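Peer 1: Based on the sequences and whatever the hints tell you, model everything.
One line per chain: the protein sequences are A and B, in this order. So in the working numbering, spot 392 of the first sequence is number 401, and the numbers just go up one at a time. So in the working numbering, spot 81 of the second sequence is number 90, and the numbers just go up one at a time.
Don't read these hints as lab results, they were simulated from the structure. Be a bit skeptical, because a hint or two may be false.
Which copy is meant is left open, because identical chains are indistinguishable; a pair holds if it fits in one copy or across any two.
For lysine to any residue, the following SDA-like pairs were computed, each having C-alpha atoms within a straight-line distance of at most 25 angstroms [stated by the list, open to error]: (1) 365 to 302; (2) 365 to 256; (3) 427 to 110; (4) 270 to 155.
None of the values given here were measured: they were computed from a predicted structure.
There are 2 protein chains.
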Amino acid sequence: MPQPRLSFLSMSYYDDLFTVLRFASISTDPAHRGDVRANANWLVNKLRSLNLSVELHETPGHPIVIARNQHIAERRTVMIYGHYDVQPVDEPELKPGEERDPNKHWMTRPFEPTVDANGILFARGSTDNKGQHMAHLRGIEETLAAHGELPVNLIFLLEGEEEIGSPNLKPFLEAHRDELKCDLVAISDTGMVAPGVGTFTYGLRGIACLEARLQGPERDLHSGIFGGAVMNPNTAIARLAATLHHADGKVAIEGFYDDVKDLEPWEREAWKGLGDGDAETLQLTGSTTLWGEPGWSSIEQRWGRPTAEINGIGGGWQGAGSKTVIPREAMMKLSFRLVPDMQPDKILQLAAAHLKKHCPLGVKLDIELGHTGMAYVMDPHSPFGLAAQRALKTAFGDAHPIALIREGGSIPIVQAFKDVLGVETLLLGLALPDCQAHAPNENFPLANYEAGVKLNQALLRELS
Amino acid sequence: MPQPRLSFLSMSYYDDLFTVLRFASISTDPAHRGDVRANANWLVNKLRSLNLSVELHETPGHPIVIARNQHIAERRTVMIYGHYDVQPVDEPELKPGEERDPNKHWMTRPFEPTVDANGILFARGSTDNKGQHMAHLRGIEETLAAHGELPVNLIFLLEGEEEIGSPNLKPFLEAHRDELKCDLVAISDTGMVAPGVGTFTYGLRGIACLEARLQGPERDLHSGIFGGAVMNPNTAIARLAATLHHADGKVAIEGFYDDVKDLEPWEREAWKGLGDGDAETLQLTGSTTLWGEPGWSSIEQRWGRPTAEINGIGGGWQGAGSKTVIPREAMMKLSFRLVPDMQPDKILQLAAAHLKKHCPLGVKLDIELGHTGMAYVMDPHSPFGLAAQRALKTAFGDAHPIALIREGGSIPIVQAFKDVLGVETLLLGLALPDCQAHAPNENFPLANYEAGVKLNQALLRELS
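Peer 2: Structure follows, in C-alpha cells:
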C-alpha cells in the first residue's frame, strides 16, 4: 500500500474506516449476504463500545443498525442516516495480453482499501457511503471522548439496502414511528461541486426502475438454419429500446413530462456560476459530445430534468469469438430519474404502456416493476438549512461560498423521512465529482474524511 | 444413463462416438484448447488403428487430421470432410428455486453422451458434427473389416475450426493442393427434411460476420449523477441495431440486395411440397409469429434469401437486481447470411458504411470484421449429384423420394474446395430439424448414425 501523507493524523484515525471497507457488503448479490451481515455486526459492536445504546433490527432483507445516546426531553433530536451496503464491482474480463484500464478495471482490489501518494483512498464504498458515514461515526466518537456527551439527542441509523432501493426502511420507519421521532435528519451521501467547496444539496431526483424481457423462439436457434424467418429477440429489444427517446434526446414516452415542475429562474441563474458547466460534464464523463433533452444545460439536465436510461441490455452470445445464434430471449433494465412533481408509479405505468405499444411482433414482453422513490426539494433558506450551511463553513473554511445545488441521484428514503416522520433532511455531501461512485476505482480523499469528522461535530453544535 | 433400444446392435457399435462426444472441443474458447487437441489426438490414434496413413497437421489454430488408404492411380479419389470442434454450451444461470427448462438449459451434461428411451443421443456435437463424421468413420471401418480395402482412394479430412469459420483450412488446402487432389468432396453436416427422408442439399448460404463496439464515456458512470446529459452506449447500440431492418423485416443496409440472384421457379415449386412450410417453421422454433423479408415463404427466407441477424447484444448491468449505471461501452455481434451472387467482403463493407452512417452522436464506433464464406449452389442433376441420390436411397430406403433442398447454414469450406481444389461437394446430411445444433440439448438419433454408416458404404461404392 502506498504511504499516505497524513498531516498530523496517525493511521489509527482511519482504522475503523479501513475495517468496514474490507466487508464486501454488496446488497444486490445474494452471494454476499454474509458480508453484509458481518458489516452490520461490526457496526453494532463498534457503536456499543462508545457506550451508545445499540439495536440490530432484522428485516426481510439486510438488517438496520440504530445507535442512540441518552435522550433528554428538552434537547433537539437529530437523526443521522447512512448505509453500509455497496454497489457490485463488476468489470470486463481481461482479454489475453490486455492491460488493466483504470476507466473500466479496478487498479486496486476493491475490498482492500488502498491510499495513494495524494491521500486518496480507493475502495468500493469509500465514497458511497462508508467514507461519509464513518466520518460521522468518528465525529461522534471524538465529541464523546472530549465531552462525555453529545449536544443533541442522537439517532444514528445505518441501513444495508440503499443500493437496492431501501425496500424495508420505510416499513421500518412506519413500524417504529414513535421511537424514531426527531426534529430533522442529516445525511452525507451526496457530492461537493469541487474540492474544498462546502456544498448543501437541497434537492434530489427520484427514481423508478423496471426490467423488460422479450421472449421470441422457445429455445436458442441456429441463425443459419432459421435466420430470416422469425423475430430475433436481440433485434426486438434494440427496436424497442430505440423508441424510448426521440432523436433529439427527449424522452418519447407519452405523458412523461406532464407533471414536471420546471426549474425556478433563481436556480438556473445560481447553477450557471458553478464549475465549468458543459465543459465540466464532458471532462468528468470523458464523453466526446453531450446528448440530452434540448433547451437545458448539462447541469440542468443532470439535476433538474427527468431521464430514461438503459442501465443494462443483453441477449445472445457476448463472449469471445462468434456464436451464430438467435437467442430465445433478450432483456433490458431501465431506470427513470424523476423531478418534482412526477409520480414514480405513474411513470412506471406510462413506461409499461409505451413498451407494450411499441413491442415488436413475434416476441412476448414481460415487465417486472422495480423500486421507486419520489424526487425531493427542500427550502435551503429555512432555519435548519441555514444551520447546515454554518456547519459546512466550519468544516471547510471561508475560502469559498457554500454552493446550493440539487443532485441527479436519488435517495428515496429522504421522501420516506418526510412522509413518515414529517421531517426535512439536510444533505451535507462529502463526495467529489470524480469519486467514481458505482464505478471501478471508487475513491474518497482522506481530507474529505477529516472534513466530515469536523462537520459532524459542528453540525450537532449548530443544531443543539 | 437411460437404456437405448438398440435393435440388433451392441453398445460397442457406439463406443467410439461416445468417446469423442466426451471431448469438450469448443474451438472458440481458449480455455478448451486442450480438449480440442485431445480430440484430434484420439482421431489420429483411431484412424491409425485401421491401418490408414494418418497425419496431424499443425495450424496457427487447431490441428487438421488427415487419413488416407493406399492410393491407386486408376481409382476415383473421394475426400470426406468433417469437423471435430463444437459450439459453446452457455445457458442462463438458474435463479434460486427455478427449475431447468429444456428450451434454455441442458437437461443432461453436454459432454456426457446420454441416450433416451427413444434411442435419441444427447450431447454437444452429437449432430454437429461428431455423430455425422463418426458414422463415416464407422462405415469405413466396416468396409475395411469386410473387404480389407475401400472401393475408392480416400482422403478423410477432419478439422477443428469449423465453428469459428475455418480460418486455417483454405490456406492449408492451398499449401497442399497437390496431395489433396481429388474428384469430389462429400460432407455430412447438413439436415434432413424429416425422419427417414434422404435429403440432398445442393445449396448453402454464405456468411459474413462483424462485431461493433460503441464507447461513450471514458468509464462507467452513475446514471443518477450523469444521466440525461450524455449518450448512454446502451441507448446508442439499440438505436444503431434498430437501423438494420425496415419495419417490414427487409434488411435496410443500402445495396444489400444488389447482387442477390433470385430463386429459380422450379426451386420455389419443389420446396412447396416439403414439410408443412410456415407452420413447420413456427413449430420448430416455437415462435408465435413469423417475421422476415416480405414476399417469400419462411422456407425461402431460410434457404434462399439473405439476412442480417444480431447474434449478441450487450452493455451495462445484466446480473441480478439493479445497478444504476451508464456503461462506458456496449457491443453487438452481427452475422449476415448470403445467397448467390453476394460477395461477403462487399457486404461487410456495406454494413460497416451503414453502421458508420447511422452511429449516434456521442459514442465512438469500432468495427471488427469477422469470418466470411461464399454461398454455394451445385447442380443436383449432375452425375455426382445423381450418384449421391442413389446412395441416399440405399441408406434410407424407397419409402420417400429424395428431397432436393438448399440450407440456410453456411459451410464456407465448400466454396474453398471449389476454389482451391476445383471440385464440387456432395452434402448428404444426417441431422433432423429438431436436433438443436448450436442450442442446449443438441441431439442425434442413433438410427441416423446407423443410416450414416450405410450411407458411407453405399456412397463409396456408387462413386467408385
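Peer 1: If you check each hint against the structure, which ones fail?
Peer 2: 3, 4
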